[in-house]
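Given the structure of chain Y, go ahead and fit chain Z with the ligand onto it with the hints provided.
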Amino acid sequence: MDFNRIKEKLNILADAAKYDVSCSSSGSNRKNTNKGLGNASNGICHSYSEDGRCISLLKILLTNHCIYDCAYCVTRKSNDIKRAAFKIQEVVDLTINFYRRNYIEGLFLSSGIFKDPDYTMERLIAVAKKLRLEENFNGYIHLKSIPGASDELMYEAGLYADRLSVNIEIPTVSGLKLLAPDKKHEDFAKPMLKVKNEIIRFKEERKLLKSTPKYAPAGQSTQMIVGATGESDKDVMYSATHFYKNFHMKRVYYSGYVPVSNDSRLPSIGTQVPMLRENRLYQTDWLLRFYGFSVQELLNAEYPNLDMDVDPKLSWALRNLQHFPVDVNKAEMSVLARIPGVGMTSVHKIMKARKFRKLDWDHLKKMGVALNRAKYFILCDSRHWERRDLDPQRIKGLILSTSYGKYRPQYSNQLSLFN
Amino acid sequence: MTTTKTFIYDGSFNGFLTAVFAGFEQKLPFADIQKERLAQNGLFSETETIFTNIELAKRVWNGIKNRSNIAIKNIYFSFLSGERNMEPLLYQYIRKIMGSKYVASDFSDACILKISQTAQKVHREKHRMEAFVRFQLTKDGIYFANIEPDFDVLPLISKHFKERYADQPWIIYDLKRNYGLYYDLHGVEIITMDLSNGFGNSIQKSAAMTNEEYDYQDLWNNYFKSTNIKSRINKKLHTQHIPKRYWKYLSEKKEAV
Ligand code: SF4
Numbered sequence: 000m001d002f003n004r005i006k007e008k009l010n011i012l013a014d015a016a017k018y019d020v021s022c023s024s025s026g027s028n029r030k031n032t033n034k035g036l037g038n039a040s041n042g043i044c045h046s047y048s049e050d051g052r053c054i055s056l057l058k059i060l061l062t063n064h065c066i067y068d069c070a071y072c073v074t075r076k077s078n079d080i081k082r083a084a085f086k087i088q089e090v091v092d093l094t095i096n097f098y099r100r101n102y103i104e105g106l107f108l109s110s111g112i113f114k115d116p117d118y119t120m121e122r123l124i125a126v127a128k129k130l131r132l133e134e135n136f137n138g139y140i141h142l143k144s145i146p147g148a149s150d151e152l153m154y155e156a157g158l159y160a161d162r163l164s165v166n167i168e169i170p171t172v173s174g175l176k177l178l179a180p181d182k183k184h185e186d187f188a189k190p191m192l193k194v195k196n197e198i199i200r201f202k203e204e205r206k207l208l209k210s211t212p213k214y215a216p217a218g219q220s221t222q223m224i225v226g227a228t229g230e231s232d233k234d235v236m237y238s239a240t241h242f243y244k245n246f247h248m249k250r251v252y253y254s255g256y257v258p259v260s261n262d263s264r265l266p267s268i269g270t271q272v273p274m275l276r277e278n279r280l281y282q283t284d285w286l287l288r289f290y291g292f293s294v295q296e297l298l299n300a301e302y303p304n305l306d307m308d309v310d311p312k313l314s315w316a317l318r319n320l321q322h323f324p325v326d327v328n329k330a331e332m333s334v335l336a337r338i339p340g341v342g343m344t345s346v347h348k349i350m351k352a353r354k355f356r357k358l359d360w361d362h363l364k365k366m367g368v369a370l371n372r373a374k375y376f377i378l379c380d381s382r383h384w385e386r387r388d389l390d391p392q393r394i395k396g397l398i399l400s401t402s403y404g405k406y407r408p409q410y411s412n413q414l415s416l417f418n
Numbered sequence: 000m001t002t003t004k005t006f007i008y009d010g011s012f013n014g015f016l017t018a019v020f021a022g023f024e025q026k027l028p029f030a031d032i033q034k035e036r037l038a039q040n041g042l043f044s045e046t047e048t049i050f051t052n053i054e055l056a057k058r059v060w061n062g063i064k065n066r067s068n069i070a071i072k073n074i075y076f077s078f079l080s081g082e083r084n085m086e087p088l089l090y091q092y093i094r095k096i097m098g099s100k101y102v103a104s105d106f107s108d109a110c111i112l113k114i115s116q117t118a119q120k121v122h123r124e125k126h127r128m129e130a131f132v133r134f135q136l137t138k139d140g141i142y143f144a145n146i147e148p149d150f151d152v153l154p155l156i157s158k159h160f161k162e163r164y165a166d167q168p169w170i171i172y173d174l175k176r177n178y179g180l181y182y183d184l185h186g187v188e189i190i191t192m193d194l195s196n197g198f199g200n201s202i203q204k205s206a207a208m209t210n211e212e213y214d215y216q217d218l219w220n221n222y223f224k225s226t227n228i229k230s231r232i233n234k235k236l237h238t239q240h241i242p243k244r245y246w247k248y249l250s251e252k253k254e255a256v
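Protein chains in written order, with numbering that gives the first Met the number 0: chain Y, 0 to 418; chain Z, 0 to 256.
Hints are all accurate, no fakes.
Think about it this way: if two alpha-carbon atoms lie no more than 25 Å apart in a straight line, the pair counts; the simulated BS3-like pairs of lysine-lysine are:
no., chain 1, residue 1, chain 2, residue 2
1, Z, 229, Y, 81
2, Y, 34, Z, 158
3, Z, 161, Y, 213
With the Cβ distance kept under 8 Å, some of the chain Y side facing chain Z (calculated, not the full set):
no., residue
4, 9
5, 14
6, 36
7, 37
8, 43
9, 45
10, 100
11, 348
12, 351
13, 356
To be clear, the hints were calculated from the coordinates, so they are not data collected in a lab. Since the model is a prediction, treat every value here as computed from it, not as a measurement. Backbone N, C-alpha and C fix where the C-beta goes; we use that ideal spot for every residue, glycine too.
The shape of chain Y in the complex, shown without the other chains (with noise of 0.2 Å):
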C-alpha cells in the first residue's frame, strides 16, 4: 500500500464528506458471526472532531468528481478544487484496517456522481459487498443511495448496508429547483420508497421465513441543510414530519449550511453557520420523537419559526400557561413529560419514586430535574408554587436572569446589536 498517495486521498474525500451530518452508527443488529469481524450493534462514538461532534464512522467519498453542479455543495463541477478517486480495494483496506485498531463503528460511504447514478452507485454497493462476503466484516455499513439510481440496484445495496440514505438536502421544492436546477425531486422520492417497501418486506417475509436475508436493518436516513434558501423553522419541520410519516424514516437530520461557494443565490463565505437553529431544530425533532408533542404545537401558521433564547419545550409551556401547574405527584406520564426542565430520564425516575413517598423540590433536583425552569409549571409537596401569578413574560425573564445555555454567549453577542 502506497501510504502517501492514500493519504493524500484521505485528506480530500475525507474532507469533501465532512458535510454529511449524519454519523449514527446504532440501529442495526447485525452480530458477528462464524469468528468473523466485527458486529453493528450498539453505536459507539470513538472519537470527537475539534467541532464537537461524533466520529463513529469512516466517512467518505468514494470520489469528489461529480458531473452535477449544486450550488451548496464543495464538490460541484463548477468548484475548482482538488480531485480524487479511492480503489474499490483502498476503501475495503481502510475501513478493515481502521476497525481492526478499533478507531470506527464502521463505514459511511458516499460519492460525488461520475458519469451516471447506476455507474456511480454500483461501485458503492462494490465496497460493501466486498466487505462483507470477503472479508466476513460484520461492522456498521451506511451507504448514501445516488439519487436517481434504479431500483435493482437499491434492492442490493439494502442487502449489504445496514443503513441507506438519500439527502433532501433543500426542505422545499422551490428551494431544490433553485440550487440544484440539474436534480429533479422524484430523484429522491423514488429511491425513498424503494427502500421503505423494501423494509416492509423484508419484514413481512421474515415473519414466515427465517433466513430472509437482512435488509437494511438500520433503515434510511435523510438530511436537510438549513439556512441556505430563506426557509422557515416551519417549513424544515413540517417536511421532515413528511419523511418520518412517509418513508418511515429513523432520522432525519438538520444541517445549518456551512457556506462553500460565491454564489449570489447563497449566503456568502464567512456567513455564521446557523448552529443554534440546528440547535433548536435537533430539540424539536426530539420532542416530536420522544416527547409525544405534534409538529403544529410547536410551530404553525401564528409560529413559524423557534424561538432562539429558549427551547422549544419550554417556548411551548409560556403559550400555554393554561395546562399548567402540573402536580407531579400526580400526573400521567405523557404530562410530565410536557413540563419544562424535566427530561425523559426524570420523568422515569419520578414515575417509580413517587410510589414510596411524595415528592418535593429536595427529591427533585437530586433526580436532576432543572428546577430553574421546571419550578415556574410544577406542584410537588413543598409549600410554594413558584409561578404565583407571574405572566409569561416574567416567568420568561426570571429564567434566562438565572440560566447559563451553552449558546447564551452567542446569542447575547446578537442581541447587543440591538441595545
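Chain Z with the ligand alone, transformed into the frame defined by chain Y:
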C-alpha cells in the same frame, strides 16, 4: 456511641459478598467492610477477618438477584468503582433491597440514589473504554492496547471486545491496576506483564509494533483533521466528550498532548 463491626476481606467481589453474608448472619444493621490493605479499624469496633467463600457469596448474589436485576448490576458496578467506603454503603443498600420489593427504584432515598449514581459513573467509563481503546498491531500479530481508567472496568468490557474482535488476538492492559485481558482466539484470560520497557502510547513509539502500525495511526490522525469543520469549532464540547486524561492513548490527539 454505638460500636460497629469491621470485616476485613481480600478485596475481591466474592470476598465482599462473603462479608455481607457474615453481616446478615449476625443480624448487623451496619457493617464496616474494608479491604485488607486499606483497613483502618475504628477505635471502638470489633474486627473479623473474612475468608472468601464462593458458596456463601453465591447465596448472597442469588438472593439479591431474585429481588432485582437492576440492583445486582448497581452493586457490581458500584463495587468496581473502588471508591472509598463504598462497601459499608453497599451493605446498607443490600439490606434495603432485601427488605422490600421495589426499593431499587426509590430515588428519593439518599443511599439508593448514591449507589445508582455511582453505578452510572462506572457505566459511563465502561462505555468510554469501549470507545477509546486503541489497538496497536505488534510484530507478533497481537492487537495491543494500554488503558488507565479511573475505575476497574476491565471485567465489564471483556465481553464486548470478545464478541467484536473474534478473529484477531488482542490484549487490553490496565496500567493503573497492572493486569490485563488476553484473547487468544478461543477465550479471554487474565494476565500480568512487565511493561517497563515499551508498549508506548500515541507519543512514544515502540519497537514491538509493526512498521505499518504507525502508517495507520498517521492516516487516522489525518482523517481526524480532515473531517473537522473549522467554522463550527467548539473546543469546550470537544473536551467534554474526550476528557484530557485519555488523550495520550489517542493517536488522533497526539499533537495536543
Ligand atoms: S450531485 Fe451530490 S456531489 Fe454532485 S454536486 Fe450535487 S450534491 Fe454535490
